[in-house]
Amino acid sequence: AQTVTQSQPEMSVQEAETVTLSCTYDTSESDYYLFWYKQPPSRQMILVIRQEAYKQQNATENRFSVNFQKAAKSFSLKISDSQLGDAAMYFCAYRSGLNSGNTPLVFGKGTRLSVIA
Amino acid sequence: DTEVTQTPKHLVMGMTNKKSLKCEQHMGHRAMYWYKQKAKKPPELMFVYSYEKLSINESVPSRFSPECPNSSLLNLHLHALQPEDSALYLCASSLRQTGEDTQYFGPGTRLTVL
Numbered sequence: 001a002q003t004v005t006q007s008q009p010e011m012s013v014q015e016a017e018t019v020t021l022s023c024t025y026d027t028s029e030s031d032y033y034l035f036w037y038k039q040p041p042s043r044q045m046i047l048v049i050r051q052e053a054y055k056q057q058n059a060t061e062n063r064f065s066v067n068f069q070k071a072a073k074s075f076s077l078k079i080s081d082s083q084l085g086d087a088a089m090y091f092c093a094y095r096s097g098l099n100s101g102n103t104p105l106v107f108g109k110g111t112r113l114s115v116i117a
Numbered sequence: 001d002t003e004v005t006q007t008p009k010h011l012v013m014g015m016t017n018k019k020s021l022k023c024e025q026h027m028g029h030r031a032m033y034w035y036k037q038k039a040k041k042p043p044e045l046m047f048v049y050s051y052e053k054l055s056i057n058e059s060v061p062s063r064f065s066p067e068c069p070n071s072s073l074l075n076l077h078l079h080a081l082q083p084e085d086s087a088l089y090l091c092a093s094s095l096r097q098t099g100e101d102t103q104y105f106g107p108g109t110r111l112t113v114l
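If you read the protein sequences in the order shown, they are chains A and B.
For the first sequence, the numbering used here gives the first residue as 1, with consecutive numbering after it.
For the second sequence, the numbering used here gives the first residue as 1, with consecutive numbering after it.
Keep in mind the hints are simulated off the structure, nothing from the lab.
Treat the hints with care, since some could be wrong.
Under the rule of at most 27 angstroms between Cα atoms (straight-line distance), these lysine-lysine pairs were calculated in the BS3-like manner [unchecked claim]: (1) B:Lys38 - A:Lys109; (2) A:Lys78 - B:Lys41; (3) B:Lys36 - A:Lys109; (4) B:Lys41 - A:Lys109; (5) A:Lys78 - B:Lys40; (6) B:Lys9 - B:Lys40; (7) B:Lys40 - A:Lys73.
Build the full structure now, drawing on both the sequences and the hints.
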């Protein structure tokens with residue numbers, strides 16, 4: 001079974017600075033998808049960024065970028081120019097690329113990010 | 001538009017009540033999901049519907065009863081719940097039930113069972 005590990009339960013960053021959230025995963029599959037979701041205090045899960053395992057290029061979305069190291073099974077999220085609105089719980093998630101129909105999202109335990117003004 | 005809506009936002013119910021949670025999406029997605037999330041924990045999958053048919057039931061107690069009346073709607077009927085069922089219930093949808101299709105989440109219903 002696949003597992004996702006987020007080793008940093010909590011992190012903090014100064015406003016306008018850069019922070020990196022870590023995520024590692026364990027799988028024997030070659031085809032899969034990785035996601036970062038953000039969950040602010042309002043509790044809605046918001047997709048931040050997605051990475052396909054077959055793509056070598058790291059995904060970017062505005063101030064958010066990932067460092068995808070397939071061989072190391074690492075998928076870290078970098079937030080540049082941090083803003084107060086970035087404060088949230090961040091979940092790393094894995095989903096198998098198999099088309100068997102039973103491909104649940106496997107979540108890490110989350111990293112709570114605080115942004116200091 | 002990647003909007004999934006859920007009603008109600010908050011629900012308080014007694015252990016003998018019957019209530020329903022509603023989820024709706026108009027993105028043409030054919031897979032819909034119910035998750036349960038306890039405080040400071042990741043979401044846990046409960047049910048998956050694919051093309052309006054129940055695809056996955058993660059051994060959820062029968063006091064939770066899902067229903068998918070059409071491709072846009074997903075309900076979760078609640079009956080005889082326990083206080084430990086208090087949680088945030090999240091609905092999500094994706095184009096299909098395949099790994100490549102991103103799941104989009106609704107804002108959730110915060111349920112309190114007294």
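Hints the structure violates: just list their numbers, smallest first.
No hint contradicted; all consistent.
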